[in-house]
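There are 2 protein chains.
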Amino acid sequence: MTAKVDFFYEFASTYSYPAAMRIDRVAEAAGVTVNWRPFLLGPIFAAAGMTTSPFNTQPAKGRYMWRDLERICQADRLALKRPDPFPQNSLLAARIAQALPDDGKRAAFSRAVYVAEFGEGADIAVPETLGRILEKLGIPAAPLIVQAGSDSVKQALRAAVDEAKAHGMFGAPNVVTSDGELFWGNDRLDAAIAWAARIG
Amino acid sequence: MTAKVDFFYEFASTYSYPAAMRIDRVAEAAGVTVNWRPFLLGPIFAAAGMTTSPFNTQPAKGRYMWRDLERICQADRLALKRPDPFPQNSLLAARIAQALPDDGKRAAFSRAVYVAEFGEGADIAVPETLGRILEKLGIPAAPLIVQAGSDSVKQALRAAVDEAKAHGMFGAPNVVTSDGELFWGNDRLDAAIAWAARIG
Numbered sequence: 001m002t003a004k005v006d007f008f009y010e011f012a013s014t015y016s017y018p019a020a021m022r023i024d025r026v027a028e029a030a031g032v033t034v035n036w037r038p039f040l041l042g043p044i045f046a047a048a049g050m051t052t053s054p055f056n057t058q059p060a061k062g063r064y065m066w067r068d069l070e071r072i073c074q075a076d077r078l079a080l081k082r083p084d085p086f087p088q089n090s091l092l093a094a095r096i097a098q099a100l101p102d103d104g105k106r107a108a109f110s111r112a113v114y115v116a117e118f119g120e121g122a123d124i125a126v127p128e129t130l131g132r133i134l135e136k137l138g139i140p141a142a143p144l145i146v147q148a149g150s151d152s153v154k155q156a157l158r159a160a161v162d163e164a165k166a167h168g169m170f171g172a173p174n175v176v177t178s179d180g181e182l183f184w185g186n187d188r189l190d191a192a193i194a195w196a197a198r199i200g
Numbered sequence: 001m002t003a004k005v006d007f008f009y010e011f012a013s014t015y016s017y018p019a020a021m022r023i024d025r026v027a028e029a030a031g032v033t034v035n036w037r038p039f040l041l042g043p044i045f046a047a048a049g050m051t052t053s054p055f056n057t058q059p060a061k062g063r064y065m066w067r068d069l070e071r072i073c074q075a076d077r078l079a080l081k082r083p084d085p086f087p088q089n090s091l092l093a094a095r096i097a098q099a100l101p102d103d104g105k106r107a108a109f110s111r112a113v114y115v116a117e118f119g120e121g122a123d124i125a126v127p128e129t130l131g132r133i134l135e136k137l138g139i140p141a142a143p144l145i146v147q148a149g150s151d152s153v154k155q156a157l158r159a160a161v162d163e164a165k166a167h168g169m170f171g172a173p174n175v176v177t178s179d180g181e182l183f184w185g186n187d188r189l190d191a192a193i194a195w196a197a198r199i200g
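Chains U and X supply the protein sequences, listed in that same order. Residues in the first sequence are numbered from 1 upward in steps of one, following full-length UniProt numbering. Residues in the second sequence are numbered from 1 upward in steps of one, following full-length UniProt numbering.
Do not rely on the hints blindly, as some may be mistaken.
Intra- or inter-copy, both count: the list cannot distinguish identical chains.
[As the list claims (entries may be wrong)] Calculated cross-link-like contacts (lysine to any residue; reagent style SDA-like; alpha-carbon spacing at most 25 Å): (1) K136 x F55; (2) K61 x I139; (3) K165 x I199; (4) K4 x R25; (5) K61 x V115; (6) K154 x E120; (7) K4 x A112; (8) K105 x D76; (9) K105 x L80; (10) K105 x R22; (11) K136 x M50; (12) K105 x E163; (13) K165 x R188; (14) K165 x A60; (15) K61 x F86; (16) K105 x A141.
None of these hints come from the bench; they were simulated from the model. On a predicted model such as this, the values are computed, not experimentally measured, just so you know.
Taking the hints into account, I'd like the entire structure generated from these sequences.
Here is the structure:
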């Protein structure tokens with residue numbers, strides 16, 4: 001049996017960018033399969049009384065994060081361009097990712113969204129940005145954007161948020177192993193994959 | 001010339017514990033010298049409108065931190081016992097560390113405080129706990145505790161907090177390299193030492 005992990009990512013989350021770009025590579029090397037699980041931090045932040053990113057409400061933490069992300073992107077050879085506004089409204093991107101099958105298409109779309117948002121500074125709240133990404137991947141954009149607004153997709157995304165809460169998530173990205181162990185942050189990605197490979 | 005880093009640590013900070021226990025080892029292997037710089041997060045948190053640890057105000061984050069610290073301590077073969085109350089009042093410990101010369105005594109005292117606090121769950125706000133640690137290190141406790149209350153020590157610690165703020169610190173532990181680069185967290189300790197070794 002192949003070891004599996006759930007990768008919970010939020011499109012507005014900065015550290016989800018380098019994590020999304022490398023998780024399949026790290027997991028594959030360890031013989032671990034990744035379930036790509038888009039979710040939303042907004043409802044979790046709101047329930048904790050937060051109205052925006054802590055990187056905005058705590059200026060010193062925000063300044064540090066951008067510099068830290070710059071170092072990480074440099075080491076990982078990833079482009080970095082700060083999107084405006086930050087954080088981005090990630091709802092439509094998350095619904096489209098949820099609507100796509102998790103057979104490689106969802107991962108490819110998600111990586112392309114992160115590259116557009118944090119590599120090129122594009123606004124991912126704009127349907128045209130997401131439509132262009134889908135078309136580049138050979139996926140007809142219009143029907144998928146319609147499907148992304150369906151009740152079943154909305155419900156699936158809400159269920160993902162509920163699952164994220166139940167796992168104790170409070171930030172992004174996260175990896176959850178099959179025994180329910182939670183690993184938070186791009187910094188814990190390697191430990192999470194090693195854990196998954198060990199428990200099998 | 002030997003590369004040097006400033007290690008800014010707060011005795012109440014959980015992740016400062018594993019960092020303090022390994023930084024000299026990691027730095028020595030890279031030919032880097034560590035300046036041990038006790039400081040206080042309290043005034044920095046207060047200036048940001050926070051009255052206690054975010055691990056207390058955000059329960060999910062707190063639960064995750066204790067589990068994460070457990071995994072780290074297990075990997076590093078460090079004992080872990082949660083002190084009560086948390087966070088501990090770290091003022092006297094910080095003043096004593098500041099009063100000690102940074103010639104190995106300050107580092108040895110600081111490590112011993114972390115072991116007592118997070119390895120044994122002792123209350124480090126109690127002078128007896130700190131006195132016992134000093135005596136074990138062969139340092140007469142009474143005169144040092146008097147010296148820790150002197151104006152010069154208080155002022156030196158306040159200056160350390162001002163320096164921490166000027167470097168943009170918002171948490172602990174931190175490593176600052178001689179070119180002013182800030183690295184936050186036990187997770188960035190290795191990157192910080194590698195950076196210091198590279199710039200020389």
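- prompt: 25 Å Cα cut-off: does K61 pair with I139 within a copy, between copies, both or neither?
  reply: neither (38 Å within a copy, 38 Å between copies)
message: Treating 25 Å as the Cα threshold, decide for K136 and M50: within, between, both or neither.
response: neither (36 Å within a copy, 46 Å between copies)
- request: Go through the copies and call it for K61 and F86: within, between, both or neither, with a Cα cutoff of 25 Å.
  value: both (14 Å within a copy, 22 Å between copies)
- prompt: Are the CA atoms of K105 and D76 at most 25 Å apart within a copy, between copies, both, or neither?
  reply: within (23 Å within a copy, 39 Å between copies)
task: Could you place K165 and I199 in one of the four classes (within, between, both, neither) given a Cα distance threshold of 25 Å?
output: Within. Shortest intra-copy distance 24 Å satisfies the 25 Å Cα cut-off; inter-copy 43 Å does not.
- prompt: Is it within a copy, between copies, both, or neither that the alpha carbon of K61 lies no farther than 25 Å from that of V115?
  reply: The answer is within: 23 Å in one copy meets 25 Å, while 28 Å across copies does not.
- prompt: When no copy is specified for K4 and A112, does a C-alpha distance of 25 Å or less occur within a copy, between copies, both, or neither?
  reply: within (23 Å within a copy, 41 Å between copies)
- request: With 25 Å as the alpha-carbon cut-off, assign the pair K165 and R188 to within, between, both or neither.
  value: within (19 Å within a copy, 27 Å between copies)
query: Given a CA cutoff of 25 Å, do K105 and R22 count as a within-copy pair, a between-copy pair, both, or neither?
result: Intra 16 Å, inter 43 Å, cutoff 25 Å: intra-copy only.
- request: Can you give me the call for K136 and F55, within, between, both or neither, at a CA distance of at most 25 Å?
  value: neither (32 Å within a copy, 43 Å between copies)
- prompt: Is it within a copy, between copies, both, or neither that the alpha carbon of K165 lies no farther than 25 Å from that of A60?
  reply: between (27 Å within a copy, 9 Å between copies)
field: 25 Å Cα threshold - placement of A141 relative to K105
entry: Cα proximity of K105 and A141: one copy only (13 Å, versus 65 Å across).
Violated hints, listed in ascending order, are 1, 2, 6, 11; each of the other numbered hints is respected by the structure.
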